[in-house]
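Chemist: If you read the sequences in order, they're chains A and B. Just so it is clear: in the first sequence, position 89 is 103 by the numbering used here, and no numbers are missing. Just so it is clear: in the second sequence, position 89 is 103 by the numbering used here, and no numbers are missing.
It is possible that some hints are incorrect.
[Claimed, not checked] Distance ranges between label pairs, derived from CB positions: (1) B:S21 to A:D158: 37 to 47 Å; (2) B:G118 to A:D42: 30 to 40 Å; (3) B:R73 to A:V86: 25 to 35 Å; (4) A:R111 to B:G118: 30 to 40 Å; (5) B:E121 to A:L16: 36 to 46 Å; (6) B:D84 to A:R31: 32 to 42 Å.
Keep in mind that the hints were calculated from the coordinates and are not lab data. All figures in this text were calculated on a predicted structure; none of them were measured in a lab. Built from N, CA and C at the ideal position, the CB exists for glycine as well.
There are 2 protein chains.
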Amino acid sequence: MLIHELSTAECHEVLHRSHLGRLACCRDDHPYVVPISFDFDGEHLYSFSTLGQKIVWMRENPHVCVEVSDIVDRFHWTTVLVFGRYEELRSPDEHERARERARGFFEQRDEWWQPAAAKAGPIEHHVPLVYRIVITRVSGRRADRPPL
Amino acid sequence: MLIHELSTAECHEVLHRSHLGRLACCRDDHPYVVPISFDFDGEHLYSFSTLGQKIVWMRENPHVCVEVSDIVDRFHWTTVLVFGRYEELRSPDEHERARERARGFFEQRDEWWQPAAAKAGPIEHHVPLVYRIVITRVSGRRADRPPL
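Chain A on its own, in the form it takes in the complex (with noise of 0.2 Å):
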């Protein structure tokens, strides 16, 4: 098997065709991790959430990695990660424009609010908020087999 590094526009490509990651947060020494849908709009990750775990846990901590992969099978693989500082748009003067990016990334897709907004819980937790990672790193790996 033969393992690349990928390049930081290798990385940005597998970004751009990828909506699904994973990603990592933690407080006091313990991580967690879930899946979230993205957008990347070349400089920025964005994202919504309903107010849950993560969001309470990197309004404390903004530091985050988030995986993207694409695992074909155990030789073939293609993983990316993001290293960099989560970024609440809340303030509708201060983040007008990043607000309105993300929108328009996340309206191209139908019900583009779902699943973030279906969770059980208090109606004040049902608002979706939208936020973005600051990437301060991105590193890649691609793996192939050559033909035998």
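Guided by the hints, dock chain B onto chain A, whose structure is given.
Modeler: Showing chain B alone in chain A's frame:
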């Protein structure tokens, strides 16, 4: 969309039939998440790896979270989260039975030592080490969409 919480037995079913998960660990308030392959024996998750960042980090902070999911589309998915503790199976005396059990699982698959052993690096980093996740808690959710 309907979202159901899974029972512990249902979570275990998912872990039994899955072999791919995302393992998150953390150090100094920074999370790290990577794909792993694993086998579940009904009690622990067994896996192996060459010496790399995740092993170095888990030796320092053994708290981990493993996400295992089966995502058909955004309306049909099952996700299980395993919270637990990294335990390296190093000591031949203490862990002989656990290592044998792990090896038995892995040898059922062709070339089980790939891709964990295919990394570039110093030769001592090529020796795969065996570890298990001692599970302290599992939780899971399943989403279905009722017929229209």
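Chemist: Now look at each hint and say whether the structure bears it out.
Modeler: The hints, checked one at a time:
1. B:S21 to A:D158: 37 to 47 Å: This hint holds: roughly 41 Å between Cβ atoms.
2. B:G118 to A:D42: 30 to 40 Å: Check passed, 36 Å falls within 30 to 40 Å.
3. B:R73 to A:V86: 25 to 35 Å: This hint holds: roughly 31 Å between Cβ atoms.
4. A:R111 to B:G118: 30 to 40 Å: violated, 57 Å
5. B:E121 to A:L16: 36 to 46 Å: violated, 24 Å
6. B:D84 to A:R31: 32 to 42 Å: violated, 21 Å
When each numbered hint is compared with the structure, violations occur for hints 4, 5, 6.
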